[in-house]
Amino acid sequence: MTAFRAVVLEHFRHPRNRGPLADAHASAEGANPLCGDRIRIQLRADDEAITDARFTADACALCVASASLLTEHVRGMRIGDAALVDVAWLHHSLEGEPPPGRRRCAQLPLETMHRAVTALGGAL
Amino acid sequence: MATHDVIGDLDLLTGDRAVTLATLVAASGSTSKKVGAKMVVGESGRLIGGVTIGGCVDAQVIEAADEIITTGGRRLLSISLDDDEAFEIGLTCGGTVDVLLERIAPRNARDVIAAAHRAAHASLESGQAAVIVTPLDGSAAALVVTETGTRHGSLGDMALDDAVASIALDVFRDGSRVETIEDRRFFFDRLAPPMTLVIVGAGQIAMSLTRMARELEMRSVVVDGRERYATRERFPDADEIRIGMPSDIVGEIAPNQRVAVALIAHDYKYDLPVLRQLLRAPIGYLGMLGSTKRGAAVRELLRDEGFTDDELARIHTPIGLALGGKSPPEVALSILAEIVAVRSGKRG
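Going line by line, the protein sequences match chains A and B. Numbered continuously in the working numbering, the first sequence closes out at residue 175. Numbered continuously in the working numbering, the second sequence closes out at residue 806.
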């Protein structure tokens with residue numbers, strides 16, 4: 052098994068931060084219209100940093116793993132820095148690049164996270 | 459229109475000042491109709507529904523119903539299924555049926571039977587079952603008890619109404635039946651809202667399911683995350699089309715025994731979140747498309763998350779009765795056959 056596949060399966064079987072976030076300050080939803088992946092990312096923050104991040108997903112293993120990694124990563128991060136998390140970081144964390152036909156699955160949580168961070172900026 | 463929905467039936471008979479409502483209140487031996495089955499016979503001769511297996515037996519009911527439209531009143535008609543030639547040559551299974559015949563003036567506000575059905579209809583419209591209680595002797599009277607305990611009408615005696623309301627609670631669970639109270643016989647007629655079939659996955663099987671569900675008087679709700687699949691053009695027969703996160707959507711549906719959920723997306727991205735949402739919900743049926751091997755893998759994943767064997771055993775997978783068909787309509791038929799079997803207390 053490749054390292055990439057091991058990371059995806061580990062985070063799918065034991066996702067971090069899965070479930071709704073009560074009293075979230077910002078929330079964003081994303082969907083892949085053709086494959087049907089659906090994800091919601093919710094954030095809480097104080098004046099400077101993200102204090103909590105959780106996700107809810109009806110989505111494939113790669114999408115869930117990506118959301119799990121991202122929510123772990125942005126916890127405690129300054130809001131401005133969270134907006135800069137990019138695909139390169141995601142691929143590094145996944146320990147490999149997704150196959151070409153599956154890149155949207157991994158990127159959906161990232162795009163949704165960016166929209167949640169933008170909404171967070173407006174909400175604070 | 460559902461056959462249990464008498465007011466819906468009566469609406470079809472606009473123009474009839476009076477109709478006879480025939481209700482099967484008891485049956486022994488073999489009959490294909492359930493106690494509570496109804497037929498409305500219009501003044502104009504029109505017929506809706508049916509209370510017996512047909513043939514000469516139905517003819518006797520219609521003849522008596524025609525008479526009651528003219529004479530008024532009510533009558534309990536007992537028909538033996540043993541006393542014709544068909545029984546002699548072994549072509550009928552025998553038994554008896556008791557049919558209550560009542561004349562109703564649908565647009566007369568003082569007609570207590572019409573008023574009872576109107577109250578029951580309102581209860582069904584709000585998603586609540588109702589029991590209509592009528593005496594099998596004497597003059598017309600009716601008490602309606604809804605699932606929430608609300609009462610409409612009266613049998614003419616408060617103590618009797620209280621006793622009847624208490625029995626009605628059992629009838630909600632066990633179904634329509636005749637009960638004797640202080641030497642008087644009463645028919646307890648349970649009317650339940652239609653079953654709701656929630657279909658997760660808007661593919662071809664779902665299209666067939668919505669068409670067939672309509673024929674079975676089930677309300678169908680199609681759920682998918684993909685706008686291009688869950689369209690009105692593809693699902694003209696669906697009562698509702700919901701697009702969004704499937705686990706959110708099924709979580710919003712009030713769980714009860716009249717809800718059946720068919721997971722036919724054949725995609726774990728929907729199966730697992732929806733199962734997490736429903737395995738502990740008191741719904742009547744939960745089926746999932748997929749092989750035995752896939753079903754075992756899904757159960758294993760959920761067992762690791764803390765679901766018990768009893769909870770996991772609620773998933774009917776492979777979904778449907780083993781009819782052998784492979785085409786989408788054939789698979790849909792097998793799924794609906796299993797839902798009907800489970801609802802009827804048979805092994806799915």
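The set of hints was computed from the structure by calculation and includes no laboratory data. Hints are not guaranteed to be accurate.
If you want the footprint, here are the derived chain A segments under chain B, 3+ residues with CB under 8 Å [said to hold, decoys possible]:
(1) 76–89
(2) 99–107
Listed next, with one range per pair, are the computed distances between beta-carbon atoms [as the list claims (entries may be wrong)]:
(3) G131(A) <-> L674(B): 55 to 63 Å
(4) G742(B) <-> L60(A): 15 to 23 Å
(5) D767(B) <-> L85(A): 49 to 57 Å
Model, not experiment: these values are computed from the prediction. Beta carbons: idealized from backbone N, C-alpha and C, even for Gly.
Okay, the hints, checked on the actual structure:
1. 76–89: Contact hint for the segment 76–89 of chain A vs chain B: holds, 8 residues under 8 Å.
2. 99–107: violated (count 1)
3. G131(A) <-> L674(B): 55 to 63 Å: holds (57 Å)
4. G742(B) <-> L60(A): 15 to 23 Å: violated (35 Å)
5. D767(B) <-> L85(A): 49 to 57 Å: violated (37 Å)
Hint check: violations occur at hints 2, 4 and 5; the rest are consistent with the structure.
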